[in-house]
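**Student:** So you can see what is in the structure, the chains are spelled out below.
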Amino acid sequence: MSVEIFTTVMTLASSLVLLAGIAILWRRSLPAYIHAFARQSFFIVVAVLVLAARERDRELVLVALLMFALKVVFMPAALRRVQRHVGADADVRPYVNTPVSLAIAGILTLVAYAVAQPVVALSHLPTRGGMPLALASVFVGLFIVASRRSALSQIVGFLVMENGIALLAVLATYGVPLIVELGVFLDVLLGFLVMQVFVYRIRDAFETTDVDRLRSLRH
Amino acid sequence: MFLLLMLAAYAAGAVTALALPPARGRRPAAACLALGALAGAVAGARVVITGQPVGWELPSSLPGLALLLELDPLGGFFLCLIGLVVLPAAIYAPDYLASPAAPDAAGGAHAADGGRVAGALTALFILSMSLVVAAGNVFTFLLCWEGMAVCSLLLVVGDGATEERRGAGRWYAGMAHAGFLLIAACLLLLAARTSGGAFADIRGASYGLGTGARNAMFLMALFGFGSKAGLVPLQGWLPRAHPAAPSHVSALMSGAMLKLGLYGFLRVVFDLLGGGPPWWGGLALALGIISALYGVLYALLERDLKRLLAYSSIENLGLIFMGAGLGLVFHGAGRGDLAALALLASLFHAFNHAAFKGLLFMGAGSVVRATGTRDLEAMGGLIKRMPWTAACTLVGAMAIAALPPLNGFASEWLLFQSLMAGVGVAGPLFAVAMAMSVGALALTGGLAAACFVKAFGITFLALPRGRAAAEAAESPRLMRLAMLIPAAACVLLGILAPSFGRFTAAALAAVPWLDPSSASFRLDAGFEVRDGFGRIAPAVLALLLLGSAAAAWGAVRLLASRRRRVGETWGCGRIGQTSRMEYTAAAFAEPLLRVFGDLLRPTRDLTIEFHPESKYFVRSIGYRTRVRAWLEEDLAGAIRRLLRPLGGSGRLIQSGSVHLYIAYVFAALLAFLLLARWM
Amino acid sequence: MIGAGGGATGLGAILVEVLQGLLALLLAPGIVGLVRFIKARLQGRRGAPPWQPYRELAKLFGKEMVVSRNASWIFGVAPYVVFASTLAVALLVPMLAAPLPIDRAGDLIVVVYLLLLGTFAIGLAGLDPGSAFGGMGSSRALTIAALAEPTIALAVFALAVPAGSTNLGRIVARAIEDPGGALSPGHLMALAALFIVMLAEAGRLPVDNPATHLELTMIHEAMILEYSGRSLALLEWAAFLKFFVFLSLLANLGLPWGVALNPGASAVLVAAAILIVKVALLAAAVAVLETRLAKLRLFRVPELLSVSFLLALLAITSSFLVE
Amino acid sequence: MRPFYCHNAPRSSLVMAKLFAKIWRTGIVTEPLSIEAGRTLDLARRIEDRTRRLLGRALAIRQVDAGSCNGCEIEIAALPNPIYDCERFGIHFVASPRHADLLLVTGPVTRNMEVPLRKTWEATPDPKLVVSIGDCAHDCGVFRGGYGVSGPVASVIPVDAHVPGCPPEPADILAGILKALDRLPEPGSRADSRTGSTASRR
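Protein chains in written order, with our numbering: chain A, 719 to 937; chain B, 103 to 781; chain C, 1226 to 1548; chain D, -10 to 191.
Hints may contain errors.
Said to hold, decoys possible - Beta-carbon label-pair distances, calculated as ranges:
| no. | chain 1 | residue 1 | chain 2 | residue 2 | range |
| --- | --- | --- | --- | --- | --- |
| 1 | B | 265 | A | 860 | 47 to 55 Å |
| 2 | B | 653 | C | 1482 | 27 to 35 Å |
| 3 | D | 59 | B | 266 | 50 to 58 Å |
| 4 | A | 860 | B | 754 | 56 to 64 Å |
| 5 | B | 317 | C | 1298 | 33 to 41 Å |
| 6 | B | 489 | A | 864 | 53 to 61 Å |
| 7 | D | 136 | B | 710 | 32 to 40 Å |
| 8 | C | 1482 | B | 705 | 50 to 58 Å |
| 9 | D | 5 | C | 1442 | 23 to 31 Å |
| 10 | D | 137 | B | 717 | 25 to 33 Å |
| 11 | A | 829 | C | 1492 | 43 to 51 Å |
| 12 | C | 1491 | D | 5 | 35 to 43 Å |
Hint data in this document are derived by calculation from the structure and do not stem from the laboratory. Ideal placement from N, C-alpha and C gives every residue a C-beta, glycine not left out.
Given only the sequences and the hints, what does the whole structure look like? Please build it.
**Tutor:** Following this line, the structure appears as structure tokens:
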């Protein structure tokens, strides 16, 4: 694989990761969010596999498989189960309307480019073109967490953010050692499970997953 | 010499209007003005083409107070522009003013003096505008600038009979004088370093100024001239003053006077200050973009025909200042060749706007004259009763919506190209900023098209929505002729855009650091920008369109069935069609009002009257939506609150005694003399 | 420079233009018929044959025209303006050869504004007879056209800057010469943005349902509700042509291979054949897409257009900001 | 498993794949026009050859409910569906009489619909056809003599053909229209046999 094509493919994959994150801002139902997240994870898996093929690195293949199992299969399934359990009241009414969200996503992308520019300028890796995009998907994930009401969509936002970090790690270091990657997976999994429990608790306590209701705890 | 002929003709126009009784004096006065306009245009064109400035001086014993006229190519260009507006406006005025039905014709036949003073003021207004662009020193410039402002102010206020006119007068007076203060401060600071305040001297001296002083002068010039051009946030007077003035005066103000804001900006910032750092241009560009979007959004929602046109003027001046700001950015980045391109776009659009906005205001005036109202919701169907006005207005509407092959398109295309040229100039983030500007420009264009479909469609098409509209009559012959002139100009400037572009480029030669020979555009049969980055040939496009249409027409004529039957408008079989079934202006704009609801903050008011016996039957439903121009009003409110205490203390010295006033003058004189002695 | 010397001259040039114009005019109804045919098959119907639109056009040209007595000359002229502007666009977009002989006459910005000219004319015509449906259609059509403009402009920007020209001939030629650039995320996202805008401008799902008969959901159909006979035929044909032009523009920007760079007779004929295949494939894609999409609520359309705007913006950032 | 159109189900590519798989399995369900269909048409007058030539292969229908009980409408609404698929004959419904070639009128004409019906007829460009559907359109059916009923369709606008039935089957309506245009496919003709073979994939 020539460097040019490799660069193009990696940048394309990074763009798709970002676009999948942005798709959440456009979609309006939790299942669609979960699906977009699964798709985003899938694009990262593809990126890791392409990298593995280029570097002829077995560990990376393992990482990709783990990632696939966890983020494309398990987490979406678990999220779907939670969603079905929590039911239709997990209405996704964002604080910010769709066009404005999309505009903010555009601005966040520009900011990501501005922030990442020094790093990109220093780097000589052929994957550097994707770094600002990965950073942008971290931002978009944060924005989802900040702008959505339902605890469940906040989890999705968190996972999108985490995906962005994972992609950044892949692009910037050509894959961290397997053991570190495993640790990260475990962290994410743990965080995910804890949040899942929280969603159930919030749901039990307030009969909704609208995090806004937590305000009533202030007294 | 044409310049002097122009001055003489305008002066004669003023005298004629004042001396003869209006019924007999209007036409001779108009003839004088038209002659003056032609002479001015010829004088300006000659200066632009030959590149030789012409000058004339009335010496004075006091230093700095000499009247100095010096017409360089830039001024000449604007003199042509003024001529293009004045000529039709002069032809338009007599019949328009003679009509008793024109309610906005302050100084019309029903005014107390029969409109003598108004006629003379119009002539003086035109004269002072023409002198502004010919002014060769600070004193002349400021004198004419103020003369222009005062004359137009008086024309806007008219007899001050309605609250609308008085309100417009207050807004306009406030803005114009705030602007004048800034301009005067800026120019006087510039002149302070020279002996006579002649522009030629300032040019050489301004390079020695400190950065802080230059920045301050730039800001004063931007906001001072910006207030005349109606840039946001100084746009508030435009939608008030334009509707209140008689329509030919609106045409003059919007078509010509606003452009002098651009002229002043170019003269001071480009010529006298010699350009500056890129952020100057960036600021002007940003203000331009905001003004363009602001203007077009409010124009879209407006239901008052002339206010709509006024908001659209804000939009177009925004586009013009986008070009000027971009030129400044390019100059700051050391790209004189691209700066020439951006300025070409700016000047070209200024000229085009003079043509179509003058035309549209005159069209609006004809409509107002015929129907007695400016409310779009009371119009409709006028195309059948006023075919000439409708056809001319349609040309104007298409030109302002930048549809090819008319003139608006040529200049917007240049603006697009100059924005795209910004990509390689100053780093990637700037390139993205340029991309966003391109997006904003395109949005403006699209919204302008929607706006003028609404303006033209609701005014002229479908069934009349009111009795006045149903009984409207076509304007007299002279008014029609007056509208044909700018309509022809819109078409010709569009098709012959490259030739006119050459003319415009010649006017740029007045800016010393612009070297037209290195400019990044070529104009032969078409436009060519940056070595083939963009190419169009408007004449070929026009031929292509005409050819396609003719081919389609011929083929249909030959091959298709020719049967044609006239019937009713299809309305699902309802018994009769009335104008209440038509789409209204408000309804037309509703989807966009919704889309931009967060920005425009409309208030909606729904009243349903139920049948007294059952709430399942409805007697009437009223839906009223109001969009407050909150930016203007809140800003004005804040300023008013700020100024009220100041005004209160100002009243202290305001006693009404003439003697005291003379004493003030005397005291001021003494203070200045002492200041001059001890400084 | 391409375009200055590369274009054919004289008779050959005119022939290429005439061939392209005729090709577009004659193929356009067939492509729309193909979309309908594939959609019918995907709905489990036999459907009309792909050449059904030709029969419909022939029928409409043969029919009488009924004109409202409230309508003015605008109503009569508008179909010709719409048709002529669309045909002019069809002559400017490189379908067979790049650059076309009249490439110098107009660039991508001209194309955008020519289409706006058509929308302007039909918008006025919608208001002209005073029918409420027409006003509704024209208000909606202009809303969508206005909101689509920024995306188109950004996409133009994203395509033009790497190619070093806004003229379509150069853009397509560059895509052929540099296939890597054609695969770059910037280019692809710009095309995706253009595709969404194309759906909006050509009145396809999910923005407008070309098969709707419900007045309240119409956009394009509502404006032409008052037209009949030859005027309607012209408007329909222009709509077909617009769709065809969009598809061939996308096809030649996304898969530029096959476009003749030197306008020899054989190259142009091969280009014509390849063009038909590419456009037919794209039309099939549109048909499949329309099968799975529902029409959006009208006030979701601005959101869709803001998605396409964002795509175009990302296209630009990834073309310029990645160094 | 949830069906693909269920609101809560994720619209994943998997589900889309299922949708298209289902489309593939279902195949084309359009039925050939039965031989008996169309026998029951009453031609009120001879339709000109020119009209037949012009409208034969591309026919736009505007449906007018002149006061029907909506029984006929339910049958007419079945015409564009995959089973009857009127589009295969180039027949489609339009939103405006300006676009229409044929008015499909149902029901006894009520007093309130008399003027609208006439206006619809006037709004339709020539050459045009009128086909009345159902017994009521012919003789007002059970509504005959009602105070709100003005009369049969033929008393308001000239009717070219009539499809009897209460209500007539979709196949009868389709065949009636085609027969009026002299386009009814012969049994075993090409169009028919092809339909049969594709449908057999089910």
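**Student:** Now look at each hint and say whether the structure bears it out.
**Tutor:** Going down the list of hints, with the structure as the test:
no. : hint                         : result
1   : B:265 <-> A:860: 47 to 55 Å  : 53 Å, holds
2   : B:653 <-> C:1482: 27 to 35 Å : 32 Å, holds
3   : D:59 <-> B:266: 50 to 58 Å   : 56 Å, holds
4   : A:860 <-> B:754: 56 to 64 Å  : 58 Å, holds
5   : B:317 <-> C:1298: 33 to 41 Å : 56 Å, violated
6   : B:489 <-> A:864: 53 to 61 Å  : 59 Å, holds
7   : D:136 <-> B:710: 32 to 40 Å  : 33 Å, holds
8   : C:1482 <-> B:705: 50 to 58 Å : 57 Å, holds
9   : D:5 <-> C:1442: 23 to 31 Å   : 24 Å, holds
10  : D:137 <-> B:717: 25 to 33 Å  : 27 Å, holds
11  : A:829 <-> C:1492: 43 to 51 Å : 48 Å, holds
12  : C:1491 <-> D:5: 35 to 43 Å   : 42 Å, holds
Checked against the numbered hints listed earlier, the structure breaks hint 5 alone; every other hint is satisfied.
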